[in-house]
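Peer 1: Chain by chain, the residues:
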Amino acid sequence: MASWSKSGSSFSRNSSKNPELKLGPNATSLISSGIPDLDKILGGGFSVGSVIMIMEDAEAPHHMLLLRNFMSQGLVHKQPLLYASPSKHPYLFLGTLPSPNPKHHHSPHPTHEKDLRIAWQYKKYFGDPNLNITTSNGGQHDYCNDFDLRKPLERHFYSGTNVDCVSIQDSPNLDALQDRCAGFLAQFSRNEGNISSAGRIAIQSFCSPQCKYSDMEWHMLSFIKSLKGMTRSSNAVVVVTFPPSLLSSSCSKRLQHMADTLLSVRAIPDEDKELAKLLTGYQDMVGFLNVHKVARLNTQVPVILDATTFSIKLEKRRFLVLECLNQAPVDGSSGSSYGTSGGCSGSTKSGSLDF
Amino acid sequence: MEETKLNLLDEALGLKNMKDNLWPLCGRFVFVEDSVDTSATFVLHHIIKRSLSSHLSSSVIFLSFSHPFSHYDRILRKLGCNLAAQRDNSRFFFIDMLMLQCPDDGKPNHDGLAAIFEKVERVVSAVHPDNKKFVTIMIDDISLLEVAANGSSNAVLDFLHYCHTLTSEFGCALVALDHKDIYSNDERPALILEVEYLADILVNAEPLATGLAKDVHGQLMVLDKGSEHENGNSSHKIHNFHFKIKENSIEYFYPGTIMN
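First to last, the sequence lines map onto chains E and R. Take 1 as the starting number for the first sequence in UniProt numbering and just add one per residue. Take 1 as the starting number for the second sequence in UniProt numbering and just add one per residue.
In case anyone wonders, no lab produced these hints; they're calculated from the structure. Just to be clear, a hint being listed does not mean it is correct.
As the list claims (entries may be wrong) - Below, simulated DSS-like cross-link-like pairs (lysine-lysine); rule was C-alpha separation at most 25 angstroms, straight line:
{"hint": "1", "chain 1": "E", "residue 1": "K293", "chain 2": "R", "residue 2": "K244"}
{"hint": "2", "chain 1": "E", "residue 1": "K212", "chain 2": "E", "residue 2": "K88"}
{"hint": "3", "chain 1": "R", "residue 1": "K78", "chain 2": "R", "residue 2": "K180"}
{"hint": "4", "chain 1": "E", "residue 1": "K40", "chain 2": "E", "residue 2": "K277"}
{"hint": "5", "chain 1": "R", "residue 1": "K49", "chain 2": "R", "residue 2": "K225"}
{"hint": "6", "chain 1": "R", "residue 1": "K246", "chain 2": "E", "residue 2": "K40"}
{"hint": "7", "chain 1": "R", "residue 1": "K246", "chain 2": "R", "residue 2": "K16"}
{"hint": "8", "chain 1": "R", "residue 1": "K244", "chain 2": "R", "residue 2": "K78"}
{"hint": "9", "chain 1": "R", "residue 1": "K237", "chain 2": "R", "residue 2": "K133"}
{"hint": "10", "chain 1": "E", "residue 1": "K40", "chain 2": "R", "residue 2": "K214"}
{"hint": "11", "chain 1": "E", "residue 1": "K40", "chain 2": "E", "residue 2": "K293"}
{"hint": "12", "chain 1": "E", "residue 1": "K78", "chain 2": "E", "residue 2": "K151"}
{"hint": "13", "chain 1": "E", "residue 1": "K22", "chain 2": "R", "residue 2": "K78"}
{"hint": "14", "chain 1": "R", "residue 1": "K237", "chain 2": "E", "residue 2": "K40"}
{"hint": "15", "chain 1": "R", "residue 1": "K49", "chain 2": "R", "residue 2": "K244"}
{"hint": "16", "chain 1": "E", "residue 1": "K293", "chain 2": "R", "residue 2": "K246"}
{"hint": "17", "chain 1": "E", "residue 1": "K78", "chain 2": "E", "residue 2": "K22"}
{"hint": "18", "chain 1": "E", "residue 1": "K313", "chain 2": "E", "residue 2": "K277"}
{"hint": "19", "chain 1": "R", "residue 1": "K180", "chain 2": "E", "residue 2": "K293"}
{"hint": "20", "chain 1": "R", "residue 1": "K180", "chain 2": "R", "residue 2": "K214"}
{"hint": "21", "chain 1": "E", "residue 1": "K293", "chain 2": "R", "residue 2": "K214"}
{"hint": "22", "chain 1": "E", "residue 1": "K293", "chain 2": "R", "residue 2": "K78"}
{"hint": "23", "chain 1": "E", "residue 1": "K22", "chain 2": "R", "residue 2": "K246"}
Stated by the list, open to error - Simulated restraints, written as ranges between beta carbons of each label pair:
{"hint": "24", "chain 1": "R", "residue 1": "N89", "chain 2": "E", "residue 2": "A60", "range": "47 to 57 angstroms"}
{"hint": "25", "chain 1": "E", "residue 1": "R155", "chain 2": "R", "residue 2": "K246", "range": "43 to 53 angstroms"}
{"hint": "26", "chain 1": "E", "residue 1": "E154", "chain 2": "R", "residue 2": "Y162", "range": "53 to 63 angstroms"}
{"hint": "27", "chain 1": "E", "residue 1": "R318", "chain 2": "R", "residue 2": "N154", "range": "39 to 49 angstroms"}
{"hint": "28", "chain 1": "E", "residue 1": "S245", "chain 2": "R", "residue 2": "N21", "range": "49 to 59 angstroms"}
{"hint": "29", "chain 1": "E", "residue 1": "I304", "chain 2": "R", "residue 2": "N21", "range": "33 to 43 angstroms"}
{"hint": "30", "chain 1": "E", "residue 1": "S249", "chain 2": "R", "residue 2": "R77", "range": "31 to 41 angstroms"}
{"hint": "31", "chain 1": "E", "residue 1": "Q178", "chain 2": "R", "residue 2": "E118", "range": "38 to 48 angstroms"}
{"hint": "32", "chain 1": "E", "residue 1": "P269", "chain 2": "R", "residue 2": "Y162", "range": "49 to 59 angstroms"}
By construction, the Cβ of each residue, glycine as well, lies at the ideal position given by its N, Cα and C atoms.
If we strip away everything but chain R, and leave its shape as in the complex, we get (with noise of 0.2 angstroms):
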């Protein structure tokens, strides 16, 4: 494996134990929260990037609700990773989901969801038992998925627990983004709650109090709810820091210090 630099949230998501060759989000939840004026999508080329560098037989399964596959691999390519190479090389698996629509027909929408899950655990189970562990399953916004299956948050939900009962299965890590600010006025959002509830890692990305800037784009904060192997000691660790995105890197620095 190349040696790659870390940056801190390499560090907050703990991708700096690469020991024993194994991905460190392997049966992990990452749930990373943004809002209208600060958008956490970077967090997700990020995860891409270093997941498909990781190791040699590692694999991303992206469900893409809000961009089309030119998007991403323009992004990717200015970071260094060749999508349509990888996904030529069937370790990049672009599942397109822009034009999906749920049939409303009263009934819970279980059809819609279920085929896709079903795609998902088909591109799952013809990876080889060994690699399974370096499997990523991504999906770009939950709130389009929740458009899509016409408002039904346990149509949702449901979807949710099948993918995470993959990373128990199989040891496939689940990355999936939402935006928070829909949900703030909810008497009771269950969804995004429960969600919550069910990552292992919570990536919140928020503008800065005192507004927008050049400098700086925005603040995330890093909840790493602690894995259980971890000598079954609860270890919430939380990060902190700013980020300034470039079109090739994202800088990262703590509040009151640049990096140069």
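Bound conformation, chain E alone (with noise of 0.2 angstroms):
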């Protein structure tokens, strides 16, 4: 008994301390991804410590939104950052950053409002800590808070000096940023037990042709490697999205091994007649998001998720929403009478499309 209230009390001063941070399974820590649908997804967040690998579609710049919203709640919590891209201007992209709206509470179902509601009104009357140290801006210190894609994150997330730019394209090879991200890493060395704050690096469009490193792919699969080693050891998240069509399969099969997790996204096909009848809310959907791969830190249990496929949707152009696919109901014909959400994983072997 004594030892539970010992734990508990450690877990609260924990979480009371360092709202950006969550206690995970097996004695990992999370922090958000700034979507609050994937973090339930993902039972949490990422995992600190591990590479989060994007495969990008070479149609639609949709990791860019997952990219976006994982350096905006980095920022918001004023964690360090350090953002590499092969753009010739990386600091311009801080700019296209979403802001944190205070006011949203974004939940799908109805009835699980009105539960959160209710919870929050407690809160309020319990004097939760987090409220006493909750400044200017109301959401600052939610775990995570939620997106307003048309706002512009405020200057003063991004002009301090914990934000770090590199431009990859002209670089001959990756050493340049292997020693930034050494450096980087350096600040967040784990030593036992006690984190104070998590690092995140994002890494845009890491292999793409504008780079003159492009060719070399052992050359990339080294920086790879070499990255995962030094975030294992230190309290980092590290996100790098990736084209795999411009990538030899090999290579890209490489690279998906690597990935402690990891995600692919695709757009959807512009009046897909059949598709639209299938799945209901078709017209608001601007892609999907696929989970291959979740982090599994000191354990060799793998995660099994409901559904591995996601539809990517804007609620009132302003949120980021992921929904699990849902079927629109059908005429017998075409088969399937399995339940009316997407509940079943399928295996990536036998379609594009799972339900």
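Using the supplied hints, reconstruct the complex from the two chains, each of which is provided in its own coordinate frame.
Peer 2: So this is what it looks like as structure tokens:
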């Protein structure tokens, strides 16, 4: 009993001190991806010390949606950020980051929302410690914010010294970037237990053809390998997006194996009549997100999700929402008589979509 | 030796033949293959545990390319095996290769990998001659070894051949894991074909053809090419079964049955 209360108090102390960090399973810590739904899908967020890879779709920039929210969330939490991109002036990208919306609390189910509202009201009466340290911006100390994609992030969030931008366009190889990453990660090297803050590294379009090293596949692989090695021993999360279609299939597979968490985004083909008939809410979708692999640090048990394909929607054109695919009620001819919501996870072999 | 309940994987690997107090994998090369969808690292965890509990003076040399020690320590602790204690007792040798990068100067990268092999050999030679038969050398990711060697599959093959000589010379066991799907589109995947040829036991983990499921995490195919001292007749044995991975154990069962 005593030990229980002790661990309970240490947990609450931890969470009140660092609202941006959450304790995960198997002695891992989690930080938010910046998308409440993605956090929920992945079981709380990104594991500290893991490498997340996002496979881009050459036809649509949906990976940027994930990347922007990830970066914004870190900046709102005042976590240091290293951003590398193949553009000439990566700093300009920070101007496109979304801003947190303190009022909006998204919830897809109306009943759930009701519960949530009650919980929030109770929180006020109990004098939650989080409220005491809340400053000017209402939602600033939440674990995960809702980001308004149409409102740019206020300048003071990224004008500080904790943001570092690197252009990987002109460098002949990745040694410079590796040194920057090593220097950045050295601030967060892990010592026993105590995590005071976490860092975020975002690398956009890692092997894009405008980089001079894009034909040196082994060089890129060894960069990711050593980046992963460094990340493992530090309190940081690395998100790398790469276009698999531009790589040889074996190189792309190697990158997928190196990823702790593997996601892919796909555009929705315009005016696909068949899909429109099959899925409800097809009009609102902007793309699909596939979850191929979820990080399993310190455990051998794989994470099996109920569904691996999610639709990316923009609610009110402002908020990024991920939903399970819902099959529209269909006539008997098209076969499937399974449940209404996409409950079955399918294999990657069976087809391009699974329900 | 403590009596442990044997499961289908033990049976397929031949771990039930604990006659004469001999480590059954002695002198053999186990090659484990997996894919992005289904990881087979649990097979390594299982063999570590079995190896360390098979004999009081058995030892494991672990070349780690993908995870730090703490990761394996936590997993094995849940399986009932304290790696930190075994490391202190000099029975578990963890060689951290996470940051290994061979110099890329156009020449074959013998320097980097040769140094690792020397390290392994030094550990093996330090073991008491009677106990060399109980040594297991384990490599947790050959594909990362390839990356560290700047893609020189010849250097990797040389390294594996050298490690393989230890199995015939001292009777050590060699266990290695690689990802099969990396090579599926290669025209001539020399590395994996050659390693498959070298191996005495092939373990192949695949996802179910019908997709991922909560109750069945995948299927294992274990091919035992048979050892020579089995009366000369080559006995290829194939075992197929499904598995479900849990924190402290793994359930193995034949397709269509569920063990409770």
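Peer 1: Now tell me if each hint is right for this structure.
Peer 2: Hint-by-hint comparison with the structure:
Taking the CA atoms of K293/E and K244/R, the gap is about 17 angstroms. The hint holds against a cut of 25 angstroms. Simply put, K212/E and K88/E have alpha-carbon atoms about 13 angstroms apart, close enough for the 25 angstroms limit, and the pair holds. Among the hinted pairs, K78/R with K180/R is inconsistent with the structure: their alpha-carbon atoms are about 28 angstroms apart, more than 25 angstroms. Proximity of K40/E to K277/E is assessed by CA-CA distance (about 28 angstroms); at most 25 angstroms being required, the pair is judged violated.
Between the alpha carbons of K49/R and K225/R the distance comes to roughly 23 angstroms, so the proposed pair stays at or under 25 angstroms and holds. At roughly 22 angstroms between alpha-carbon atoms, K246/R and K40/E fall within 25 angstroms of each other, so this suggested pair holds. With a CA separation close to 22 angstroms, the supplied pair K246/R and K16/R stays within the 25 angstroms bound. The straight-line distance between the Cα atoms of K244/R and K78/R is roughly 16 angstroms, inside the 25 angstroms bound, and the hint therefore holds.
Straight-line distance between C-alpha atoms of K237/R and K133/R comes to about 24 angstroms, which keeps the hinted pair within the 25 angstroms bound. As the CA atoms of K40/E and K214/R are separated by approximately 18 angstroms, the hinted pair is consistent with the 25 angstroms bound. Straight-line distance between C-alpha atoms of K40/E and K293/E comes to about 15 angstroms, which keeps the hinted pair within the 25 angstroms bound. Of the supplied pair hints, the one linking K78/E and K151/E holds, its CA atoms being roughly 19 angstroms apart against a limit of 25 angstroms.
For the given pair, K22/E sits about 23 angstroms from K78/R by alpha-carbon distance, which is consistent with the 25 angstroms threshold. Distance restraint check for K237/R and K40/E: the Cα-Cα separation of roughly 45 angstroms exceeds the 25 angstroms cut-off, and the hinted pair is therefore not satisfied. A C-alpha spacing of about 18 angstroms is found between K49/R and K244/R, which places the hinted pair at or below 25 angstroms, so the restraint holds. At roughly 17 angstroms between alpha-carbon atoms, K293/E and K246/R fall within 25 angstroms of each other, so this suggested pair holds.
Note on K78/E and K22/E: the hinted pairing holds, with a Cα-Cα distance of about 16 angstroms set against a maximum of 25 angstroms. A threshold of 25 angstroms between alpha carbons decides the hint, and for K313/E with K277/E the separation of about 17 angstroms falls inside it, so the pair holds. Distance hint between K180/R and K293/E is fulfilled; the C-alpha atoms sit about 17 angstroms from each other, no more than 25 angstroms. With a C-alpha separation of about 23 angstroms, the suggested pairing of K180/R with K214/R holds against the 25 angstroms cut-off.
In summary, the hint linking K293/E to K214/R is supported, as the alpha carbons are separated by about 14 angstroms, within the 25 angstroms threshold. For the proposed pair K293/E and K78/R, the alpha carbon gap of about 22 angstroms is at most 25 angstroms, so the pair holds. Between the alpha carbons of K22/E and K246/R the distance comes to roughly 24 angstroms, so the proposed pair stays at or under 25 angstroms and holds. Separated by about 56 angstroms at the C-beta atoms, N89/R and A60/E satisfy the suggested range of 47 to 57 angstroms.
Distance hint check: the CB atoms of R155/E and K246/R are about 50 angstroms apart, consistent with the given range 43 to 53 angstroms. For the pair E154/E and Y162/R, the supplied restraint of 53 to 63 angstroms holds, since their beta-carbon distance comes to about 59 angstroms. Checking the proposed 39 to 49 angstroms range against R318/E and N154/R shows it is violated: the Cβ atoms sit about 55 angstroms from each other. Roughly 55 angstroms separates the CB atoms of S245/E and N21/R, a value that falls within the hinted 49 to 59 angstroms.
The hint said 33 to 43 angstroms for the Cβ distance between I304/E and N21/R, and at roughly 40 angstroms that hint holds. Separation of S249/E from R77/R is about 38 angstroms and conforms to the stated range, judged on CB atoms against 31 to 41 angstroms. About 27 angstroms separates the C-beta atoms of Q178/E and E118/R, a value inconsistent with the hinted range of 38 to 48 angstroms. Remark: the range hint 49 to 59 angstroms for P269/E to Y162/R is upheld by a beta-carbon distance near 52 angstroms.
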